[in-house]
Amino acid sequence: MADAPMTSGGLLVFKPKPSLPPPPATTGVIGWMRFNLFDGIYSSVTTVIGVLLIGYIAIGFYEWAFVRAVWEASSRNECRISPTEFGTCWAGVEFWFTRFIYGRYPDAEIWRIDLAALIFVLWMAPLWLPRVTAKVIVGLSAVMVFPFLAGYLFLGGERNWFMAIMVALSLTWFIGTMVHVAICLVTNQGLGRWIIQATGFASRDDRLQKYPIIILSLIAYFVVYFLVADWQTVEVVPNQWGGLFLTLVISGVGIASALPIGIVLALGRRSQMPVVRVLCVAFIELFRSVPLITILFMATTMFPLFLPKGVVFNNLASVIVAVCLFSAAYMAETVRGGLQAISRGQYEAAEAMGLSYWQSMGLIVMPQALKLMIPNIVGSFIGLLKDTTLVSIIGLYDLLGMINAVSQDPQWIGLHHEPLFTAAVLYFVACLAMSKYSQHLERKLGAGDRR
Amino acid sequence: MAVVERPRSGSDLSSVINDERYRSIFYQILVFGTVFAIAAFLVNNTLTNMAAQGKAAGFDFLLGTAGFAIAWTPLDYKPVDSYLFVYWVGIVNTLIISGISIVLTTILGFVIGILRLSKNWLIGQIAAWYVEVLRNTPLLLQIIFWYLGAFANLPRPKQSVELFGADWLILNNRGLYFPNAEFGELFWLTAVGMLISVVAAIWYNKRAIKQQLETGVYVPIWWKILVILIGLPLAIFLVTGMPLSWELPVLKGFNFQGGTFILPAMCSVLVALVIYHSAYVAEMVRAGIMSVSHGQTEAAYSLGLRPSWTMRLVIIPQAMRAIIPPMISLWMNVVKNSSLAIAIGFPDLVNVFMQTSLNQSGHAIEIVAMVMLFYMTVSLTISACLNVYNKKILLTER
Chain Y
0 MADAPMTSGG
10 LLVFKPKPSL
20 PPPPATTGVI
30 GWMRFNLFDG
40 IYSSVTTVIG
50 VLLIGYIAIG
60 FYEWAFVRAV
70 WEASSRNECR
80 ISPTEFGTCW
90 AGVEFWFTRF
100 IYGRYPDAEI
110 WRIDLAALIF
120 VLWMAPLWLP
130 RVTAKVIVGL
140 SAVMVFPFLA
150 GYLFLGGERN
160 WFMAIMVALS
170 LTWFIGTMVH
180 VAICLVTNQG
190 LGRWIIQATG
200 FASRDDRLQK
210 YPIIILSLIA
220 YFVVYFLVAD
230 WQTVEVVPNQ
240 WGGLFLTLVI
250 SGVGIASALP
260 IGIVLALGRR
270 SQMPVVRVLC
280 VAFIELFRSV
290 PLITILFMAT
300 TMFPLFLPKG
310 VVFNNLASVI
320 VAVCLFSAAY
330 MAETVRGGLQ
340 AISRGQYEAA
350 EAMGLSYWQS
360 MGLIVMPQAL
370 KLMIPNIVGS
380 FIGLLKDTTL
390 VSIIGLYDLL
400 GMINAVSQDP
410 QWIGLHHEPL
420 FTAAVLYFVA
430 CLAMSKYSQH
440 LERKLGAGDR
450 R
Chain U
0 MAVVERPRSG
10 SDLSSVINDE
20 RYRSIFYQIL
30 VFGTVFAIAA
40 FLVNNTLTNM
50 AAQGKAAGFD
60 FLLGTAGFAI
70 AWTPLDYKPV
80 DSYLFVYWVG
90 IVNTLIISGI
100 SIVLTTILGF
110 VIGILRLSKN
120 WLIGQIAAWY
130 VEVLRNTPLL
140 LQIIFWYLGA
150 FANLPRPKQS
160 VELFGADWLI
170 LNNRGLYFPN
180 AEFGELFWLT
190 AVGMLISVVA
200 AIWYNKRAIK
210 QQLETGVYVP
220 IWWKILVILI
230 GLPLAIFLVT
240 GMPLSWELPV
250 LKGFNFQGGT
260 FILPAMCSVL
270 VALVIYHSAY
280 VAEMVRAGIM
290 SVSHGQTEAA
300 YSLGLRPSWT
310 MRLVIIPQAM
320 RAIIPPMISL
330 WMNVVKNSSL
340 AIAIGFPDLV
350 NVFMQTSLNQ
360 SGHAIEIVAM
370 VMLFYMTVSL
380 TISACLNVYN
390 KKILLTER
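Residue numbers (numbering that gives the first Met the number 0), protein chains in the order written: chain Y, 0 to 450; chain U, 0 to 397.
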């Protein structure tokens, strides 16, 4: 045999040649560019046009933002780069930046806003820590209990009895949450379990186990209550609130109250009872079919007429009520969409198990529906954050209102473009971050449903 | 078989809550009573407050003289006209601005949405960033940006810009000027001709499709349709002696005379509305096209359809089902969002009626109700159309 090396022990062995590398034009950067940018004559032409467009915009922006920039100035007049021309006056933005964030809140009191923001972040942060238990309670309390503490921090002044109780409750809850998180991170179990074990009740009857928790909570509450009883801050009237802070207050309250009201409205709309259904449909359709600005005008012109004599609503309160009603109507439709996505079998199974209406809603339907709704809820929050700019039309100084105020300040008169650009960047970053996060959440929560 | 009857105990009060038959009625009465009580409380307060301020409710004020000028309207409005006419002017202005925006935004949105799906990576990225930037910044900010950044800085009439080098399309700080069509006496014949040619083209197209379905032979007819569409009206137009002339805007003194103009504020609102909503349309178009399964494309290719035909005959018709319902509610949003024009002083319904008229006359409740009535009518009309469309596609489904 001529090719003896191919056989071993009488068997024919096939030895392939090593495969050639792919042609250089199909791999690496060049290959990628050939497929994605220069795939044919049309593609090449559009790529060139695209590059020119990007280049044109980038050069224009570079010239505006950097070449013509003036970084140091104390008035718009000093921002001139030639006797007839104004430069890009970043000095003005720098000068006003604190105002963009906090509005006309007194400088000495700004720490209160920062503190509330910090508390909120700390309160919400455990939701992202995998080892923390009872996340639903932590999250819900951040939305339901925290606003009282924040409201007092923002407003200040004397507390009436209701606010005194709620502020102490809110503070106690915050401290409890922080202790709970610390214990979770160290021992991998919640605060409640830990208290039961530490007090030696773990071996006792199940029915007795709740008592040490209740007693300790009450003690903590009263300690906090008397500690903060004399604590008081200077009153800052809502007229001085403004900037991004006000934007976040309005949209935050709006979305937090929209969810519960929206759920009730959506359930009402699907209800078997005609009176309830008609009322809910009328409310939802009315508020969804008119622009927000008309509702805001209604709030500022008609709410004062609605109230009994002697009760005075400030503009901010009217606006917040209007925004809540508006976003609740939209949220109701979001919730309805989520409810419709739950198959009838789930309702029937819940009924077959003998659950009552509220049990089947709360334990079976809502948890599934809320998961489906998360992207839409975040979407409506983004929408609301953008829509709160409308309050500047009726004279509140939200972020956009502050920016309009800059151009009317005698020192900085006519300074429009730079503050507007800054605001656009702030809104863009906030909204984009939220929408990307909701997409991430959607993927994460949907992991179980994907095949 | 024993039928277990629920124990009836009509006299027992707890049966009202526990018995299913009465429970629903009980809750409904409770809800209705609560809502009615709140409404009565508010109405009572309102009447007391209005009486204290010496105001009377009623729509009589509508016939009173408005007394203020409106910066832009196609109607023949004068300050001596009534508030009712102001309402009408506002409605017309709102409808004009939202109508133009809807048409332009749909076209632009389709283009961007298709670009976004482009195989060319760079174009896809540019379109994606266009959508992200526009959707994630507030519309009001964009309107103000277009106004202050572009249309408020225009030169005075003497230094006007001639758009595209045409001396009949003029932009200056008073607005955008373009020629006004002046129709001659016999122009209606051309209009009738156009109508006839459209009907004829539709009929011809249907016949061609029917023929293709019967015989399987495809005859390119698009140029014949073009001839019908353009030829007939053009022939009538020429025969009747070209009864159409253009009134050009001409600089006279400090301003342009003649022609039609739109305010810089209106230009800003139009540009902002169109660009902002086009980003949403682009997303809908993209989502709609993506919702058609890839198997459809492959099936079409394996039948030997060209890519352009695949798109036109297979993908787009199926994508339309997913695109049209959100598109219609977007149109509704355009109508509602056109009310933001108030921020830069374009005289739309909210501006002239809900702000100026309300401040002057003080009839808050009546005016708010009238404005809301208008928007509700528009949106209920649009959603009625949407329901009809939804029923139609449901029927054509399997």
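If you are wondering where the hints come from, they were derived from the structure by calculation, not from laboratory data. Remember, predicted model here, so these are calculated numbers, not experimental data. Here a beta-carbon is modelled for each residue, glycine too, at the ideal position from N, C-alpha and C. Among the hints, a few may not be true.
Heads up, incomplete: computed chain U residues facing chain Y, CB under 8 Å, no partners named [claimed, not checked]:
| # | residue |
| --- | --- |
| 1 | ASN44 |
| 2 | ILE122 |
| 3 | ILE143 |
| 4 | ASN171 |
| 5 | ALA342 |
Heads up, simulated DSS-like pairs for lysine-lysine below, C-alpha to C-alpha not over 30 Å straight-line [stated by the list, open to error]:
| # | chain 1 | residue 1 | chain 2 | residue 2 |
| --- | --- | --- | --- | --- |
| 6 | U | LYS54 | Y | LYS308 |
| 7 | U | LYS118 | Y | LYS443 |
| 8 | U | LYS118 | Y | LYS435 |
Okay, the hints, checked on the actual structure:
Hint status for U/ASN44: holds, given a least beta-carbon distance of 5 Å to chain Y, under 8 Å. Given the 8 Å rule on beta carbons, the hint for U/ILE122 holds: about 5 Å separates it from the nearest Cβ of chain Y. Satisfaction of the interface hint for U/ILE143 is found here, the shortest Cβ-Cβ separation to chain Y being roughly 7 Å, below the 8 Å cut-off. Violation of the interface hint for U/ASN171 is found here, the shortest Cβ-Cβ separation to chain Y being roughly 20 Å, above the 8 Å cut-off.
Interface restraint check: U/ALA342 against chain Y, minimum CB-CB distance 6 Å, threshold 8 Å, status holds. Restraint check for U/LYS54 and Y/LYS308: satisfied, since their Cα atoms lie roughly 16 Å apart, inside the 30 Å limit. Restraint check for U/LYS118 and Y/LYS443: satisfied, since their Cα atoms lie roughly 28 Å apart, inside the 30 Å limit. The suggested pairing of U/LYS118 with Y/LYS435 holds, with an alpha-carbon distance near 23 Å, which does not exceed 30 Å.
Going through the hint list in order, the structure does not satisfy hint 4, though it satisfies all others.
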